[in-house]
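Visitor: Residues per chain are reported as follows:
Number of protein chains: 2
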Amino acid sequence: MKKIINNPADVENEMIEGFVAAQKEKVKRLGNLNVILRKNLNPNKVALISGGGSGHEPAHFGYVGFGMLDCAVAGSIFTSPAALPVFKAIEEVKNKKGVLCIVKNYSGDVMTFETAIDMAKDEGINVEYVIVADDVATQNSEIGRRGVAGTIFVHKIAGALAETGADLKSVKEIAQRTIENVRSMGMAISPCTIPASGVASFELSEDEMEIGIGIHGEAGIKREKILNADEITKKILDEILNDLNYKNQEVAVMINGMGATPLMELLIVNNFVQKYLEKNEIKIYDTMIGNYMTSIEMSGFSITLLKLDEELKKYYDAAADTFALKK
Amino acid sequence: MKKIINNPADVENEMIEGFVAAQKEKVKRLGNLNVILRKNLNPNKVALISGGGSGHEPAHFGYVGFGMLDCAVAGSIFTSPAALPVFKAIEEVKNKKGVLCIVKNYSGDVMTFETAIDMAKDEGINVEYVIVADDVATQNSEIGRRGVAGTIFVHKIAGALAETGADLKSVKEIAQRTIENVRSMGMAISPCTIPASGVASFELSEDEMEIGIGIHGEAGIKREKILNADEITKKILDEILNDLNYKNQEVAVMINGMGATPLMELLIVNNFVQKYLEKNEIKIYDTMIGNYMTSIEMSGFSITLLKLDEELKKYYDAAADTFALKK
Chain C
1 MKKIINNPAD
11 VENEMIEGFV
21 AAQKEKVKRL
31 GNLNVILRKN
41 LNPNKVALIS
51 GGGSGHEPAH
61 FGYVGFGMLD
71 CAVAGSIFTS
81 PAALPVFKAI
91 EEVKNKKGVL
101 CIVKNYSGDV
111 MTFETAIDMA
121 KDEGINVEYV
131 IVADDVATQN
141 SEIGRRGVAG
151 TIFVHKIAGA
161 LAETGADLKS
171 VKEIAQRTIE
181 NVRSMGMAIS
191 PCTIPASGVA
201 SFELSEDEME
211 IGIGIHGEAG
221 IKREKILNAD
231 EITKKILDEI
241 LNDLNYKNQE
251 VAVMINGMGA
261 TPLMELLIVN
271 NFVQKYLEKN
281 EIKIYDTMIG
291 NYMTSIEMSG
301 FSITLLKLDE
311 ELKKYYDAAA
321 DTFALKK
Chain G
328 MKKIINNPAD
338 VENEMIEGFV
348 AAQKEKVKRL
358 GNLNVILRKN
368 LNPNKVALIS
378 GGGSGHEPAH
388 FGYVGFGMLD
398 CAVAGSIFTS
408 PAALPVFKAI
418 EEVKNKKGVL
428 CIVKNYSGDV
438 MTFETAIDMA
448 KDEGINVEYV
458 IVADDVATQN
468 SEIGRRGVAG
478 TIFVHKIAGA
488 LAETGADLKS
498 VKEIAQRTIE
508 NVRSMGMAIS
518 PCTIPASGVA
528 SFELSEDEME
538 IGIGIHGEAG
548 IKREKILNAD
558 EITKKILDEI
568 LNDLNYKNQE
578 VAVMINGMGA
588 TPLMELLIVN
598 NFVQKYLEKN
608 EIKIYDTMIG
618 NYMTSIEMSG
628 FSITLLKLDE
638 ELKKYYDAAA
648 DTFALKK
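Sequence order for the protein chains is C and G.
First residue of the first sequence: 1, per the numbering used here; consecutive thereafter.
First residue of the second sequence: 328, per the numbering used here; consecutive thereafter.
Keep in mind that the hints were calculated from the coordinates and are not lab data.
Just so you know, these numbers come straight off a predicted model, no measurement behind them.
Check each hint, because a few of them may be wrong.
[As the list claims (entries may be wrong)] Here's a subset of chain G near chain C, in silico, CB distances under 7 Å, partners left out:
id, residue
1, P335
2, F346
3, A348
4, A349
5, P412
6, L554
7, D557
8, G586
9, T614
10, I623
Just so you know, even glycine gets a beta-carbon here, dropped at the ideal spot from N, CA and C.
Just chain C, with the same shape it has in the complex (with noise of 0.2 Å):
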């Protein structure tokens, strides 16, 4: 394993004091758990928290802020939080509005805030939340699809309908709403190490490919022989496509890097992407292209587009100002 980290056990602790460190005028950490909060909260809106394990940097606390969340919860790396800490997150930032939280479908996630959830009605917090459920990979999955990069688009959207001092209801039904509407799909040429293992996540030979991966580290859904970019954007999409009828709609495309993968790669990506929704008679609202849900040094890329109506377009394109996203 070779990082540039100190000891494997303080990795989260000390990339949370390196953000909280570099942003300190807009965040602040919550005591030292692994919990970071807007510096400014404003209790006139309902408050937004999401959260998982680490690994997936900037997910999740590289969205907190004006427009997306108020807070984000880490636990270790790939492992959820305990559900103390998403309880005194949601403590913390409780008002007379509410608060939503955002969960990635994983059943450690759902167990840990479904039980912070439960300890926080039994104090009177008026809490809810949403499960996301983007990855078109797992559809077969017992536990349901798992949550991946088009969560970044229920915090953008669910955030900016919050900042206009919307109820809880309303932001629920628009996350929801946002959920209903994405797909996402991803694949790697490379594995990702564990800081406290030391090993590889997967292995692969030169001429291999993981399709279908999730954002744990673990290996696809098929192993493949490696193809090139545009072929394996089109298989990536073509299962996006088939999940979900995008004829003749609006959307937003992500294209998103896992974390070793250089934006050269991206682009190229996204090149194919372009031309293959348009012949799709796909319409693109807009593209977002850069590292937003990694799986640390992985190297591989997703695909998420999430279908657009008037609506969403509002609260797509309202201002945000966080460290990974502003608009």
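Got chain C; can you put chain G on it based on the hints?
Guide: This is chain G only, laid out in the frame that chain C set:
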């Protein structure tokens, strides 16, 4: 070589197509040249051009937009563009206010820009240039220090002053002042591979690192046993702090990923940077963390420190709206 590309010969063209497609409201391409322009050029401001070899994405085309560059010219990977496209770029953006070229200090880039500028002057175009030379690792080199990530600060500050309608002399002066106050140094734990060659730019064992790398895949000035993040960061900071007196000054910090470095590691580096600068009585005005000037998929980072004064702070903070940097 394992990459997500099509034909290696098409990499530059396809990535530029992919970039322009994603940013089509804001940028355009000049014919089929690797020249990216703002879509709506403002004839009432000094036009800023930068460029150099490809492989450093998002530099430089990611900085074309309000508050930064008007135009970027890309060569082949790690290869200076020819003088002709640079000349055509100058011709395209020229206006009554004049043109400033921001050139990184490499023999090829300097020769290209000087030739193009001579051609432009022969046509009566009012064009000047500055040379960025911020890399303290190469202070003893014959051609002088290399220009690396500090170039982004020159784009930002000269770009902001240019937006105010300032004259060419003033814009060149502030660019020069930024150059005089900026220092960088980098390291890598893994090399990169130029698609057309297919061969890694250097080889390192599992326990080695390169200190003092450039941005063209070259090895560093020293190969050493890998250290932990804090030790590596201290080593780099000491070189920078020995080179320019930052004591009791305010600085902008850039922790720049070389392409494949996970954000997690950049944040861990920043955690030490913040503490070490404070200990050295240097005041951090702002910190930027991300992939600003890369070497394809090299894994490593560079640190840049810009000593600020009140005027530089004003233009550092001014609005910018580009793919890679928004303020």
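Visitor: Compare the structure with the hints numbered earlier in the document and write down the numbers of the violated ones, lowest to highest.
Guide: 1, 5, 6
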